[in-house]
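Spelled out from the first residue to the last, the chains are:
2 protein chains.
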Amino acid sequence: MKYIYIITTSIRFVLKQRVDLYQTPFCVSLVKQYSSWGSKKQHRNVKLNFPLNRMADPKIEEILAPFRASVKEQGDLVRSLKTNGAPELDVKKAVAELKLRKKILEDKELALAPSDATFDRAKMEDLLRRRFFYDQSFAIYGGITGQFDFGPMGCALKANLLNAWRSFFVLEEQMLEVDCSVLTPEPVLKASGHVDRFADLMVKDIGTGECFRLDHLIKAHLEKLAADKKISQATKEECQDIIVKLDGMTKQDMSDVIQKFNIHSPLTGNELTEPIEFNLMFATQIGPSGLIKGFLRPETAQGIFVNFKRLLEFNQGRLPFAAAQIGNAFRNEISPRSGLIRVREFTMAEIEHFCDPNDKQHPKFDSVKETELLLYSACNQMDGKSAEIIKIGDAVQRGLVANQMLGDKIVAKLVPVIFWFQGLVANQTLGYFMARIQQFLILVGIDTSKLRFRQHMSNEMAHYACDCWDAEMLTSYGWIECVGCADRSAFDLTQHTKATGVRLAAEKKLQEPKVIELTEAVPNKSVVGKAFKKDAKVVQDYLAALQKDKTVHVEEIIPSVIEPSFGIGRIMYALFEHNFRMREGDEQRTFLSLPPVVAPLKCSVLPLSGNAEFQPFVKQLSQGLTRLDVSHKVDDSSGSIGRRYARTDEISIPFGVTIDFDTLKSPHSATLRERDSMGQVRIPLDVLPSVVRDLSYSKTTWTQVESTYPKFEQQENTKAT
Amino acid sequence: MKYIYIITTSIRFVLKQRVDLYQTPFCVSLVKQYSSWGSKKQHRNVKLNFPLNRMADPKIEEILAPFRASVKEQGDLVRSLKTNGAPELDVKKAVAELKLRKKILEDKELALAPSDATFDRAKMEDLLRRRFFYDQSFAIYGGITGQFDFGPMGCALKANLLNAWRSFFVLEEQMLEVDCSVLTPEPVLKASGHVDRFADLMVKDIGTGECFRLDHLIKAHLEKLAADKKISQATKEECQDIIVKLDGMTKQDMSDVIQKFNIHSPLTGNELTEPIEFNLMFATQIGPSGLIKGFLRPETAQGIFVNFKRLLEFNQGRLPFAAAQIGNAFRNEISPRSGLIRVREFTMAEIEHFCDPNDKQHPKFDSVKETELLLYSACNQMDGKSAEIIKIGDAVQRGLVANQMLGDKIVAKLVPVIFWFQGLVANQTLGYFMARIQQFLILVGIDTSKLRFRQHMSNEMAHYACDCWDAEMLTSYGWIECVGCADRSAFDLTQHTKATGVRLAAEKKLQEPKVIELTEAVPNKSVVGKAFKKDAKVVQDYLAALQKDKTVHVEEIIPSVIEPSFGIGRIMYALFEHNFRMREGDEQRTFLSLPPVVAPLKCSVLPLSGNAEFQPFVKQLSQGLTRLDVSHKVDDSSGSIGRRYARTDEISIPFGVTIDFDTLKSPHSATLRERDSMGQVRIPLDVLPSVVRDLSYSKTTWTQVESTYPKFEQQENTKAT
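Keeping their order, the protein sequence lines are chains A and B. So the numbering used here is basically just the index in the first sequence, starting at one, shifted up by 3. So the numbering used here is basically just the index in the second sequence, starting at one, shifted up by 3.
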């Protein structure tokens, strides 16, 4: 029960907040001790916080009204502070208070959610562990928190998910996919800002060396204190005030809190060290000399940025283009938990779309503009309003309108503010990717009703970003960020240019050639005359020659980068939750209804019994499926067909073939069963593999198959094994 | 020119030799300085050492005869030393001498190879670099040796290669694929032997800290000395003697050599430190406390072994089964070089086939038994003979015959010796995988005439292995090991069982129940009587009850492991060399003739000119190809068709479609061109995508397409860009 007291909230440095998408659950309703994952005892029936606007109930809205008003009041305060240029600390404190009010509102929404919106996480984790979708790494050695191994089913799901991603993004958009080194020398990450700022504050128990994340520790201590009935109202209020302000506190502020409240190690009661800035990157030495310091990359993006010149050249010098990378990244979390949500090594899939900073239109935007997204704008967040369903075309359009309403010069300065508070999507390219992200997530099995795009508020966003929207998925841990979609402007390319002297820029052809006046050299004739005497004329002629104008046909620009960035492990976790099912009337019979495109295996082949006559048909079918690249599993173990179906349902196999005594008769046929409906049809053996292939790759639907082949009626024993 | 003096030979500790397959070129004929990779200046026309037995020439054989005899003589000596149980050091020295003689023989073979067997490596590397197949990582920061980034074409080739591997092995054999953690806690790698023994000896320049691999340094120094005309014959012989014995030398031996010959840093002339054992694993700290030491995994295999129990359970407790893993591994090489051949991070694809140690038959062996492999047995290596083409069925069979010729008891002791010197494949499972490895390599484009399987000689093999064959590919660096195929026996599972107390064993059902006699407890009645007095009877009854026999139905076995293990980067490098071509009559026009299954892109779409009327057809075709998952590239840049074909040939695109003025006419059609033959046909636009798809996935052949559609005759401009 070591870590159970730590309440997860994301309080990190600014840089961290950007790159930490895959790691930071924004809203965590329950804390889970790592080592008990999969246990049957804890957290049965976690209540899920469904987006209320989708089930609007006037009575509920009445109760929520004062909470919404409270958020709006504080949101207005933050705005006016910003508009009036109030001191940064005042703004931060006001924002922290705003966040607290938002949290109270969300908790209230959760409490009022319909009672059927619950979820049995322990039951799902039992299934995932039992069928080895994933499990703790090195468990026979006691394991390390924050590390997981994917077993056969998890690994196949992951491979399918990545293939679908590659096909949907890289192939469809003809992106330039790269595969870069994990070990990264220090100067690269110094330039990107990670060496200096990718850190969390922590304190250590001076006796045991146990480490605690400082903000978590203070929060837990003060919350406990505030809940104590014996303490004074004044102290209670002070505690609450500090909790609210934690987000804006400096290292010294927090150190003072530790002193003032005499906070000790919650495990041993020992003294604690002074706060230490703990960099979250894993450090190592490259080469034998011990002189080259390196880190395991904390994100894959930097590998793309340092290759920008080669990629631009590969694209024949033309903008826009997108590069992509799938790979592992590493973060040495102080206390990882929440299963796959916060881990120390994880797979990312990142896209860096490079474009002209003055032209972020997207040629294919028209094809997605009608796509409806559930947008939770910064504006709505500050007003205490819910997320809204908006067509992406309108979201981008409204932004443009607001933009045009102001004079050009004013816009240049105000655009960021306008976009924050308008809650609109900054440009077409960003909007295009948001729509594509949603399409992809739905394709692989994310439940649309549990998906929203939340815009970063100005205090969360990295200083270099213009706009950032996170695709968040609702799970029993709350809304978790699974995909980030940010306009990173030209920050990274500029930083690497500064650090290396290699200009990471593109040339843009001018509409018409431009004459550039070069600065004129006006010599002080008397000084030149004195210094050079008889050579003075030569010098003056030379200086005069420098004055020529120059005609240029191109201008150099540092491209802007739009970055959609996917946390694969988190998406997988959301997929598990969104597709976990129980058979009606039999809670013990659980299964995963993953779409065939990502299901670990597409088909099972089950001989009715151990009868030797079935074997040739099993073999024939297996070979036919292999030939068509349909992954499948032969289960010829003993046990009734119902029992074996239940087992294949658990590993989410969407289609099952049973070889029975009728199969032996000519013309040979077998039954084909669909996992979710449990419907069965009878299909000739020779076409079975291609039917399963077509079903697996969405070339046909189960409804079509059911209407083509005779239904097979036989009561399936639904009792679980 | 820093490292150029280092001659690469593989001299490592025993453990290292097994796991180092992907990293150690066995026979390196040329040394290449890393930083000049892709340069045009060095190593033009490297001579390739073709297997001579495939082009046997009596005259050449006559010249080679004495060299072969010299190897055989030494091979016989090694055998007799082993048979007579000579001291280990004597055996080692004899083996070292044997290796030297083998090297001389191979060099001679190389020198006598036909003169057309040359290869222009620099030209190929120019192409690979220019079209960004891969390049040095972090080059704008000066780069780090031994690290490479794959650009769009290299990355696509790698992804296709891995997909082909997954389909060929995991899907076809229904293996259990897993995806395990890279960061590995120390105890795991302590048990596997890596912490203690995965090291190279090195010395440092005491002035600059520059590191040198000790064996390389000594060898280079003594070779230079021996070549000096001024030194005495005695010294020369001493130098040669030491070089021969280096392989068997201890740390102290080598230190003495450094002292005796007064060897200094070849770069500065500075003194050197004492030899240091440099562990090749990258170390880091897991978690913030600094207390958990971890390493980046040096191979992926351990992740499978520590998950053995879960995998066995997933397989319902049954043997045999195979697990597989694709992933990155890391080795902190002292001085990496040879491009992709020896790098610090690399992708492996490993299979661990677990089976009954007493039954290594393979159910599918019959399907491969006719496959012919070029086997270079340990026996032939010792006899100075060449590799031989043998059917895998015969190779395994001959092993069995040799086995049966001896009485059972003798075999039990002699089997390892028999297999060494018989040069045969130890068992069916090993043989099955060797055949499958060859089939796979040919499928992805390896040239069969440059592929052999070399058996490890007893001195190279890890102590726990029974037999090991490396699939080696002939490149301009010599024969390089790309795939290892070893029978690792039960070593790893045993080690992890010892370290954790968790029994990594399987239960084997006995043919018939066995009665086990338990040890009988015979109480010393008088002592018992004295001690227990009136209770003595109870004690004696209890002891008597212990004597019952026990009937068991299963026995516990620790499975043997057969491990095929693929170095993906090395295979890619061999693919580049084996598929590098120049157009006849135009040496400047180079291209890569990779098979469609692995080619980075399958198809190009080229409008004849910038004419706007072509655009709708380009778009239509591109969408059609995307729908069928055919990766392609639209090249609408200016430049003649010939020029653009040349560009697509360079990136190995096998099929090219040109939209021309005839396309505009109804019925719409376009030309389809095949890369290697440059043949062209005219195909209706509506069937074009599916024809390309079928060609790309080997559902049809170019010959079939040529016979179906009308030939398109137009001279292609073969001049390069």
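Hints are computed from structural coordinates only; laboratory data are not their basis. It cannot be assumed that every hint is accurate.
Pairs involving identical chains hold if they fit within one copy or between any two copies, as the list cannot separate such chains.
As the list claims (entries may be wrong) - Below, computed lysine-lysine pairings styled on BS3-like, alpha-carbon distance capped at 27 angstroms:
| id | residue 1 | residue 2 |
| --- | --- | --- |
| 1 | Lys702 | Lys622 |
| 2 | Lys296 | Lys533 |
| 3 | Lys636 | Lys702 |
| 4 | Lys533 | Lys102 |
| 5 | Lys193 | Lys239 |
| 6 | Lys106 | Lys96 |
| 7 | Lys193 | Lys296 |
| 8 | Lys105 | Lys62 |
| 9 | Lys263 | Lys239 |
| 10 | Lys367 | Lys394 |
| 11 | Lys85 | Lys668 |
| 12 | Lys622 | Lys512 |
| 13 | Lys511 | Lys111 |
| 14 | Lys636 | Lys511 |
| 15 | Lys102 | Lys239 |
| 16 | Lys536 | Lys511 |
| 17 | Lys232 | Lys540 |
| 18 | Lys312 | Lys126 |
| 19 | Lys636 | Lys512 |
| 20 | Lys388 | Lys75 |
| 21 | Lys312 | Lys636 |
| 22 | Lys622 | Lys367 |
| 23 | Lys372 | Lys636 |
Every value quoted in this text rests on a predicted model; they were computed, and no experiment measured them.
We went through each hint and held it up to the structure:
Within a single copy, Lys702 and Lys622 get their C-alpha atoms as close as 25 angstroms, and across copies as close as 22 angstroms, so both meet the 27 angstroms cut-off. In this assembly of identical chains, Lys296 and Lys533 lie within 27 angstroms of each other by CA distance neither inside one copy nor across copies; the values are 55 angstroms within and 72 angstroms between. Taking CA atoms no more than 27 angstroms apart as the test, Lys636 paired with Lys702 passes in both settings, with 22 angstroms inside one copy and 25 angstroms between copies. Neither within a single protomer nor between protomers do Lys533 and Lys102 lie at most 27 angstroms apart by alpha-carbon distance, with minima of 71 angstroms and 80 angstroms respectively.
Taking identical chains as interchangeable, the C-alpha atoms of Lys193 and Lys239 are never at most 27 angstroms apart, the minima being 42 angstroms within one chain and 52 angstroms between chains. Only within a single protomer do Lys106 and Lys96 lie at most 27 angstroms apart by alpha-carbon distance; the minimum there is 15 angstroms, versus 75 angstroms between protomers. In the homo-oligomer, the alpha carbons of Lys193 and Lys296 lie at most 27 angstroms apart both inside one protomer (11 angstroms) and across protomers (25 angstroms), since each shortest distance falls under that limit. Taking CA atoms no more than 27 angstroms apart as the test, Lys105 paired with Lys62 passes inside one copy only; the shortest distance there is 20 angstroms, against 89 angstroms between copies.
In this assembly of identical chains, Lys263 and Lys239 lie within 27 angstroms of each other by CA distance solely inside one copy; the values are 14 angstroms within and 78 angstroms between copies. Taking the shortest Cα distances, Lys367 and Lys394 sit within 27 angstroms of each other inside one copy (15 angstroms), while across copies they are farther apart (57 angstroms). Within a single copy, Lys85 and Lys668 get their C-alpha atoms no closer than 80 angstroms, and across copies no closer than 64 angstroms, so neither meets the 27 angstroms cut-off. Taking identical chains as interchangeable, the C-alpha atoms of Lys622 and Lys512 lie at most 27 angstroms apart only when they sit on different chains, with a minimum of 25 angstroms there against 62 angstroms within one chain.
Taking the shortest Cα distances, Lys511 and Lys111 never come within 27 angstroms of each other, neither inside one copy (53 angstroms) nor across copies (58 angstroms). Taking the shortest Cα distances, Lys636 and Lys511 sit within 27 angstroms of each other only across copies (23 angstroms), while inside one copy they are farther apart (55 angstroms). Taking the closest pair of Cα atoms, Lys102 and Lys239 come within 27 angstroms of each other only inside a single copy of the chain (19 angstroms); across copies the shortest separation is 81 angstroms, beyond that limit. Taking CA atoms no more than 27 angstroms apart as the test, Lys536 paired with Lys511 passes in neither setting, with 46 angstroms inside one copy and 104 angstroms between copies.
Taking the closest pair of Cα atoms, Lys232 and Lys540 never come within 27 angstroms of each other, the shortest separation being 93 angstroms inside a single copy and 65 angstroms across copies. Taking the closest pair of Cα atoms, Lys312 and Lys126 come within 27 angstroms of each other only across two copies (22 angstroms); inside a single copy the shortest separation is 50 angstroms, beyond that limit. For a Cα distance limit of 27 angstroms, the shortest separation of Lys636 from Lys512 across copies, 23 angstroms, qualifies, whereas the shortest one inside one copy, 57 angstroms, does not. Proximity of Lys388 and Lys75 under a CA criterion of 27 angstroms is satisfied intra-copy only: 8 angstroms inside one chain copy versus 87 angstroms between copies.
With identical chains, the CA atoms of Lys312 and Lys636 are at most 27 angstroms apart between copies only, with a shortest distance of 20 angstroms across copies and 46 angstroms within one. With identical chains, the CA atoms of Lys622 and Lys367 are at most 27 angstroms apart between copies only, with a shortest distance of 12 angstroms across copies and 47 angstroms within one. When the C-alpha separation of Lys372 and Lys636 is checked against a cutoff of 27 angstroms, the pair qualifies only between copies, where the shortest distance is 26 angstroms, while the shortest distance within a copy is 42 angstroms.
This entry does not satisfy hints 2, 4, 5, 11, 13, 16, 17, going by the numbered hints stated previously.
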